[in-house]
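Asks: Sequence:
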Amino acid sequence: MAIKGSSAGGYTTINALTFHDRFAAGATYYGIADLSVFVGDTHKYESRYLDSLIGPYPEAKQLYHDRSAINFADRLACPMLILQGLEDKIVPPSQAEIMAGALRDKGIPFSLMMFEGEQHGFRQSKNIIASLEGELYFYGRVLGFSPAGELHTIEIENASAL
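Residue 42 in the working numbering sits at position 62 of the sequence shown, with consecutive numbering throughout.
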């Protein structure tokens, strides 16, 4: 079984893959890996968003730590596809990069797809197609099936671990 999500759902996906062993793969679209970094890197209109969900920062700093998958990278064991817009001001690309770094360091299969000109939510049809085809290709490789038709292929780092 695979899990996917975007934005808050991307955060949920990253956490589900980190804290649970129910999934064989997952795809996170512009998800948050580190809540403490997010608070400082997101634009000012989002910077207090988590206050009502988690607590005010830095007063609730320990909760932010405990709910950030990146702080528990030792638990990661599941292939992950990370998709991110390079112009995203809400969830900056640094979130995708730190998650990719953790997967790379652990030798877990992953792909990082960064999209130029995209923000928080993909708008360009070529990038929507590339992301969906890349996701299907990724699941095919990880779950061991061959999707029908010609697809946009993507590089899977640490693919030898599949």
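Worth flagging that the hints you see were computed from the coordinates, not collected in a lab. Hints are supplied without guarantee of correctness; some may be wrong.
Label-pair distances were calculated between CB atoms; the ranges are [claimed, not checked]: (1) HIS132 to LYS69: 37 to 45 Å; (2) ALA40 to ASN138: 33 to 41 Å; (3) ILE109 to HIS0: 27 to 35 Å; (4) GLY129 to ASP85: 44 to 52 Å; (5) SER27 to PHE3: 27 to 35 Å; (6) SER74 to TYR25: 17 to 25 Å; (7) TYR25 to ILE78: 30 to 38 Å; (8) PRO38 to GLY124: 41 to 49 Å.
Taking lysine to any residue and the SDA-like style, the derived pairs with C-alpha atoms no more than 25 Å apart in a straight line are [unchecked claim]: (9) LYS(-16) to ARG103; (10) LYS(-16) to SER16; (11) LYS69 to PHE3; (12) LYS69 to TYR119.
Beta carbons are placed, not taken as given, at the ideal position from N, Cα and C, and that holds for glycine.
Asks: Now tell me if each hint is right for this structure.
Replies: Consistency of the hints with the structure:
1. HIS132 to LYS69: 37 to 45 Å: 26 Å, violated
2. ALA40 to ASN138: 33 to 41 Å: 34 Å, holds
3. ILE109 to HIS0: 27 to 35 Å: Cβ of ILE109 to Cβ of HIS0: about 31 Å, so the range 27 to 35 Å holds.
4. GLY129 to ASP85: 44 to 52 Å: 35 Å, violated
5. SER27 to PHE3: 27 to 35 Å: 31 Å, holds
6. SER74 to TYR25: 17 to 25 Å: Roughly 18 Å apart at Cβ, these two residues keep to the hinted range, so it holds.
7. TYR25 to ILE78: 30 to 38 Å: The hinted range 30 to 38 Å is violated for TYR25 and ILE78, with Cβ atoms some 23 Å apart.
8. PRO38 to GLY124: 41 to 49 Å: 45 Å, holds
9. LYS(-16) to ARG103: Status holds; Cα separation ~18 Å.
10. LYS(-16) to SER16: Satisfied, since the Cα-Cα distance of roughly 23 Å is no more than 25 Å.
11. LYS69 to PHE3: Answer violated: LYS69 to PHE3 is near 30 Å, above 25 Å.
12. LYS69 to TYR119: 28 Å, violated
Of the hints listed earlier, those the structure fails to meet are numbers 1, 4, 7, 11 and 12, in rising order.
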